[in-house]
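*Asks:* Listed below, chain by chain, are the residues.
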Amino acid sequence: VVAQLLRLHADAGAGDGDLARAVEQAVDDMLSRGG
Amino acid sequence: VLQLKALHVENFGPFKGHQTIELSEDGVTVVYGENMRGKTSLLNAIRFVFFGKVIGRGTKTMSLHRVGNWEQATLGKYGFQVQLEFSENNRHYKLTRVCRVREPLVPPSGDDDYVVDYFLERAGEILGPQQAESELKRILPEQISRFFLFDGELLQEYEDLLASDADMGRRISDAIERILGVPVLTAARASLLRVKEKSERREATAAQGDQKTREFGNQLADLHAQRDVLKADLVRHENELEDARKTKSALEDAMKKKERLAALLDKRDGINRQIVDIESRKAAKATDLQQAMTTAWCSMLVGPLTTARDGLKKVESALQTELLRSEVLESLRAHGVSECPACMQPVTDVVRHCIEESLRGTYTVSRQEKDSELAAIRRRLTAIEQCLSAAKSDAIKILWGAVEEAAIDLAARTEERDEITRQLESVDEESLRATRADLESTIRVIDALERGIQATEKQLEQNQADADNIQKRLVKLSGGNLGSERRRRETFSDLHRLFSEAVIAYREQLRRRVEGDATRHFKALTTEPDYAGLRINDSYGLTIIHKDGSDIPVRSAGAEHVVALCLMGALQNNAPLRGPIVIDSPFGRLDRAHTRNIVRALPTMAKQVVLLVYEDELPPSMAREELKARLRGEWRLERRTAKHTELTARRD
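Line order of the protein sequences matches chains U and Y.
Using our numbering, the letters of the first sequence map in sequence onto residues 1 to 35.
Using our numbering, the letters of the second sequence map in sequence onto residues 1 to 652.
These are calculated hints, taken from the structure and not from any lab test.
All residues carry an ideal CB built from backbone N, CA and C; glycine is no exception.
Among the clues, some could well be false.
Claimed, not checked - Across the chosen pairs, the derived CB separations fall in these ranges:
1. Y:ASP113 - U:LEU31: 53 to 61 Å
2. Y:ASN481 - U:ARG33: 16 to 24 Å
3. Y:ASP468 - U:ARG33: 27 to 35 Å
4. U:GLN4 - Y:ARG511: 21 to 29 Å
5. Y:VAL235 - U:GLN4: 26 to 34 Å
6. U:GLN4 - Y:ASN481: 43 to 51 Å
7. U:GLN4 - Y:VAL106: 50 to 58 Å
8. U:GLN4 - Y:SER441: 26 to 34 Å
9. U:ARG33 - Y:ARG511: 51 to 59 Å
10. Y:LEU234 - U:GLN4: 26 to 34 Å
11. Y:GLN509 - U:LEU31: 27 to 35 Å
Unchecked claim - Derived, one-sided and incomplete: chain U residues facing chain Y with beta-carbon distance under 7 Å:
12. ALA3
13. LEU5
14. LEU19
15. VAL23
16. GLN25
17. ALA26
18. VAL27
19. ASP29
Using the sequences and the accompanying hints, generate a full structural model.
*Replies:* Structure (structure tokens):
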């Protein structure tokens, strides 16, 4: 997840609303997988 | 890795018509040109094609109207074009930026008469405007371009700027962190904070949904609402602070321009204050003088009074002696003494007879009359002494002198003030005073905002502590989907903490790496064997360290230059974004030994280096000797006319 978060932010600008949603999604996916 | 391949310029500065310079993708390309042949124009052509800007003296943006070739302009041809071929991660790009006249039939007179367009071609395909813009921002963000494209002047500014607390210093530190990739972490931290707060709100809502936890849920929801308000306040105040700082810096610039006038104004204000002081001093002395003058008539009589006093003193003394003598004789007669008590001589009958005779002669007037005569003389003496002490002619002279001196001083100051007023006549004094007043009030606003921000931050800390407290109590309870929301919130919280700590750790690691690399470059560049290396500070400023461990406090212009170059090299070594270094006249301030060291070290600082130099600062023989096989291209800026330069490959 950490690597995924870093990639997300390396590819996009800061303060992006979609970015927060993508972060939320990544963590929720991990939690739903029981991570 | 960004690598430049070829630059095509058309009617840009002194480059008349269409001209091309091919750049080797690795190693060093040297472009030789004497002053005013177009070295800076070549660097500016790269700036223009990337950012649409041209930078002039003092790192200020230059008017595009002045950039087009002057010889073509006299022929009625305006506008210019630059095309850059480059590769980034093995993909070929062609970036073209055109500056053309808005109305082709009307000769332009300013920047508003031009239109600038650009096109970006990637692997033979032209990108749409939005895609082109985001691609360009990704390849070379303008904020970090100063680490790739720079000149001696820009280099010179670095250390000063980094050392200062000025806004520019902060911006450069930010740009350094940007090139080093810190924003990836800080942006991730910001996203995680937003998501963490959202998850906290969700947890509060879940708690509100259950009877057992409702009270805590409500309290948490209130605290979150309060936090939102406080954060909005903080953002607003921070924005206001940023604006106020910009205003302050603009006002300071305006004040600097008016510095001479402001100094004159200050001087005049000072003189006005001095005039008020002198006037009050003069008035005080004049009052003293007036008082002294009421008894000044006494000084007219000093001569006769002194004579009279001296005469009276003689009379007083004679009278006193006479009275004393009679008193002694009287006592000798009265007591029938046989021996004088004063001189121990025997008082014979003859002597006694003499005393009788003498006393008879003395007492022609009575003793009482003599006493009253003496008292009268003493009264007269006292009166004369009073008159003489009031005379004080010297004091009057001093007072008179002081009043006159004050008058002269006053005249001189008034003349000086009037001269300044004449110099200020053409100046809008009011606007100057208004600028100064604005600056003072802006400083007060900044101070108030900073205090406000501190107070809000404290309130936010308290809010966080209160929320943490309630969350701790909630942990002991469960119900509904509270457990899953808590787990979710804890995960975001952990991730946010992880990224917060990572930012600190990464910054520290970067500083150590930049310091290490800068030191390595410095040791290769410096000619001073006693210098052991460089030490970095929080804002990436570098200090030279002596081998005995002490700091070198003062640096020459040449040393500043070398240190800044080391910082550039170290940043290039540590940046996730690698690119070329294009330097304009970097050796002007350096001696031969340093120039030689730098030329030798340049290929270790970046994969591709383009040097724009004049032959005196870097003789071609030295470049060839030091660079050997790493010297990949030599170009010359050849004069055709004062307004026309040709780019030619050097073949000698």
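*Asks:* Confirm or reject each hint.
*Replies:* Here's how the hints hold up against the structure:
Separation of ASP113 of chain Y from LEU31 of chain U is about 60 Å and conforms to the stated range, judged on CB atoms against 53 to 61 Å. Here the CB-CB span from ASN481 of chain Y to ARG33 of chain U is close to 18 Å, well matched to the stated 16 to 24 Å. Evaluation of the 27 to 35 Å hint for ASP468 of chain Y and ARG33 of chain U yields a pass: the beta carbon distance comes to about 29 Å. A hinted range of 21 to 29 Å holds for the C-beta pair GLN4 of chain U and ARG511 of chain Y, which are about 27 Å apart.
Our hint of 26 to 34 Å for VAL235 of chain Y and GLN4 of chain U holds, since their Cβ atoms are close to 28 Å apart. For GLN4 of chain U and ASN481 of chain Y, the hinted distance range of 43 to 51 Å is not satisfied, since their beta carbons lie about 25 Å from each other. For GLN4 of chain U and VAL106 of chain Y, the hinted distance range of 50 to 58 Å is satisfied, since their beta carbons lie about 56 Å from each other. With their beta carbons about 49 Å apart, GLN4 of chain U and SER441 of chain Y fall outside the hinted range of 26 to 34 Å.
Distance hint check for ARG33 of chain U and ARG511 of chain Y: the Cβ-Cβ separation is about 38 Å, which falls outside the suggested range of 51 to 59 Å. Between LEU234 of chain Y and GLN4 of chain U the beta carbon distance is about 30 Å. The supplied range of 26 to 34 Å therefore holds. A hinted range of 27 to 35 Å for the beta carbons of GLN509 of chain Y and LEU31 of chain U is consistent with their spacing of about 30 Å. Below 7 Å, beta-carbon pairs count as interface contacts, and ALA3 of chain U has none with chain Y, the closest being about 11 Å; its hint is therefore violated.
Annotation: interface hint on LEU5 of chain U holds; nearest CB of chain Y at approximately 5 Å, less than 7 Å. Here the hint on LEU19 of chain U is kept, as its CB sits about 5 Å from the closest CB of chain Y, short of 7 Å. At about 5 Å, the closest approach between the beta carbon of VAL23 of chain U and any beta carbon in chain Y falls short of 7 Å, and the interface hint on this residue holds. Below 7 Å, beta-carbon pairs count as interface contacts, and GLN25 of chain U has none with chain Y, the closest being about 10 Å; its hint is therefore violated.
A least Cβ separation of about 10 Å between ALA26 of chain U and chain Y goes past the 7 Å threshold, and the interface hint is therefore violated. The closest approach between the C-beta of VAL27 of chain U and any C-beta of chain Y is roughly 6 Å, which is under the 7 Å cut-off, so the hint is satisfied. The beta carbon of ASP29 of chain U is not positioned within 7 Å of any beta carbon in chain Y (closest approach about 12 Å), and the interface hint is therefore violated.
Consistency with the previously given hints fails for numbers 6, 8, 9, 12, 16, 17, 19, ordered from lowest to highest.
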